[in-house]
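*Asks:* Residue numbers (my numbering), protein chains in the order written: chain A, 1 to 275; chain B, 1 to 308.
Where hints are given, some of them may not hold.
[Claimed, not checked] With beta-carbon atoms standing in for the labels, derived distance ranges: (1) B:Asp205 x A:Ala6: 20 to 28 Å; (2) B:Phe226 x A:Lys220: 42 to 50 Å; (3) A:Lys220 x B:Phe213: 14 to 22 Å; (4) A:Ile185 x B:Tyr78: 18 to 26 Å.
[To be verified] Think about it this way: if two alpha-carbon atoms lie no more than 30 Å apart in a straight line, the pair counts; the simulated DSBU-like pairs of lysine-lysine are: (5) B:Lys274 x A:Lys220; (6) B:Lys69 x A:Lys8; (7) B:Lys56 x B:Lys209; (8) B:Lys111 x B:Lys192; (9) B:Lys110 x A:Lys8; (10) B:Lys69 x B:Lys297; (11) A:Lys220 x B:Lys267; (12) A:Lys191 x B:Lys192; (13) B:Lys209 x B:Lys301; (14) A:Lys4 x B:Lys209; (15) A:Lys236 x A:Lys220.
If you are wondering where the hints come from, they were derived from the structure by calculation, not from laboratory data.
These figures come from a predicted structure and were not determined experimentally.
C-beta: ideal position from N, C-alpha, C; glycine also.
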Amino acid sequence: MTYKNAIKTAFYHLVAICLGVVAVVPFLWMISTSLKSGGALLAVPIEWVPKNPTLQAYEKLFALTGMLRSIGNSLVVTASAVVVAILSSSMAAFAFSKIRFKGSGVLFMIFLASMMLPSHVLFIPLYLIMNDLGLVDTLFALILPYSFKAFAVFMLRQQMMNISDAYLDAAAIDGASLFRSFITIFLPLCKTALATLAIIIAMEAWNDYLLPLVLMTSPKNYTLPIILNALSGQFKTSYDLLMAGSLISVIPLLIIYIGAQRYFASGLQIGGVKG
Amino acid sequence: MSIQGRRGIRVALPYLLPSLFGALLFAILPIVISLFLSVTSWSGMSRVSLTDGFLKFVAKNFVGLDNAKAILSDGEFYRALSHNLYFIALYLPLMLILSMTCALIINAPKKGANVYRVVYYLPVLTSWVAGSLIWKWLLSPVYGPINNALELFGIQGPMWLQSEIWAMPSIVLASIWKDMGFYAMILFGGLKSINTQYYEAAHIDGASKVQSFMHITLPLLSSVLFYVSMLSMINAFQLFPQVMVMTKDGNAGPNGATMVMVERIYKYAFRYGKMGYASAYSWILFVIILFCTYIQKRGEKRWVRYDV
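The following block holds chain A by itself, in its conformation from the complex (with noise of 0.2 Å):
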């Protein structure tokens, strides 16, 4: 029985890993790659550990104009709408889990209706309205999309609604008003839902491609994947100035994402919801 047991796992692991080598492989790959520099590049048959490891394609990433540039506006763009889809929709899904009013219903059917539409339909009209806000081209024409997302609505109000009314009446009883409570008593409550929010919104912030590159016109105002794509253009086949910048863009995430773990985990079985 425990050897037939142990070919069970054997044979759980041996799968578990296959995946796991296609998953992780090419991660492997962009770092071996970008640790290479000229000739080491184009070696047949090709070096999985690099022979002479060099910082070379780094040093001249990061000389390149715009490239620090890019990655500043990435972490503003992606700061800024974490905090302000946040603070918004948890804000919204207060009111609708905790506040009666009439058209309650209504309302939160067009929020979830507006959740609906693809992003492809929005692309277009989205330039307009940004050009006629004098915003095309600016940093904002991309935090404020990123920021207004009706799933995240949706998941914090879940989330909301299986919190007691009583901790509202104790607090009101305290004189503490409603606001107050709010912030003191439901935002702390719903930690793990924000912080997977925190991580979607960062994900889509931090990767989008599309309207960054419809709505970013000049190079100044590159995010890093428009960058990096711009890069690929001009660089068609310093694969090893590619992966350093790849890599660059991956680390932020990686970082959050495994500190976040724990958090991220539990959250997903909230949401299961993609921006």
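Assemble chain B onto chain A, guided by the hints.
*Replies:* Frame of chain A; chain B shown alone:
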């Protein structure tokens, strides 16, 4: 007293305002504008302002359903659509099987399951631009590791992205790599919510692991599986960045092999300056997605079980 303080639109409004503003400006208004644009011949050259005579502009450039007619009578549209469908046909079954396998692995009460959970999710965190560049390089015909590995087995690897036949399968490979972990996490959530007592009961009755999977896991997971297949199909119709980055040189792949619908919409709008045409195109795609979702939803009754 406290209940009174939580009633009425006046109390609710301050909390709702920011989100309402966002939904109005960045979801509802764009929909309305897009519908208007789709019946105009706007070229993108003349400057249009929403606040200054937008309706007059629409009336002046009104072409009715001409855009839609032109799109639907153009062979290129059907070519792009067929490429999207081809992508879905390759991607969906493979993705469902692999993400299901990943979910079962993550859910197993074994040592290391937590590590696998983190590992499978790594590609999801990567941007499509970075992911596409990595795959372009992995699939490089001469210098890439994939063809080098194939050579070890004496197989001459294809030209991948440079080949008309292999360009789309290459995109499918990269997309599965990127999305597998995402759908696995959703399925994992579904698996976790299945009551373990069912398995215990089945075990006592002498059911094998395979039998438990077929008669407990699949039926109880069918609603989540359905959700995943619907979501992934909707996303697959909107396939875009990977095509743009991976097959940029050929301007939609070798001989247009990876020309897909959103790529067309983007290019009509921002390369060829046909904003009205592109808007109409985006609504046609929307209707196609709705139609396919409806068909899937009708099929739902046949194989999804909600009664257990």
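*Asks:* Work down the list of hints and note, for each, if the structure agrees.
*Replies:* Right, here's what the structure says about each hint:
For B:Asp205 paired with A:Ala6, a C-beta distance near 26 Å keeps the hint of 20 to 28 Å intact. Restraint check, B:Phe226 to A:Lys220: a C-beta distance of roughly 46 Å satisfies the suggested window 42 to 50 Å. Between A:Lys220 and B:Phe213 the C-beta distance comes to about 55 Å, which lies outside the given range of 14 to 22 Å. Remark: the range hint 18 to 26 Å for A:Ile185 to B:Tyr78 is contradicted by a beta-carbon distance near 57 Å.
Annotation: proposed proximity of B:Lys274 to A:Lys220 holds, straight-line Cα distance about 27 Å (limit 30 Å). For the suggested pair B:Lys69 and A:Lys8, the alpha carbons sit about 59 Å apart, so the restraint of at most 30 Å is broken. Taking the CA atoms of B:Lys56 and B:Lys209, the gap is about 68 Å. The hint is violated against a cut of 30 Å. Distance restraint check for B:Lys111 and B:Lys192: the Cα-Cα separation of roughly 17 Å lies within the 30 Å cut-off, and the hinted pair is therefore satisfied.
For the hint linking B:Lys110 to A:Lys8, the alpha-carbon distance of about 11 Å falls within 30 Å, and the restraint holds. A distance of roughly 28 Å separates the Cα atoms of B:Lys69 and B:Lys297; the hinted pair therefore holds under the 30 Å criterion. Taking the CA atoms of A:Lys220 and B:Lys267, the gap is near 23 Å; set against the 30 Å cutoff, the hint holds. Proximity of A:Lys191 to B:Lys192 is assessed by CA-CA distance (about 21 Å); at most 30 Å being required, the pair is judged to hold.
A hinted pair counts as satisfied when its Cα atoms are at most 30 Å apart, and B:Lys209 with B:Lys301 qualifies at roughly 27 Å. Between the alpha carbons of A:Lys4 and B:Lys209 the distance comes to roughly 14 Å, so the proposed pair stays at or under 30 Å and holds. Between A:Lys236 and A:Lys220 the CA atoms are separated by roughly 21 Å; this keeps the pair inside 30 Å, and the hint holds.
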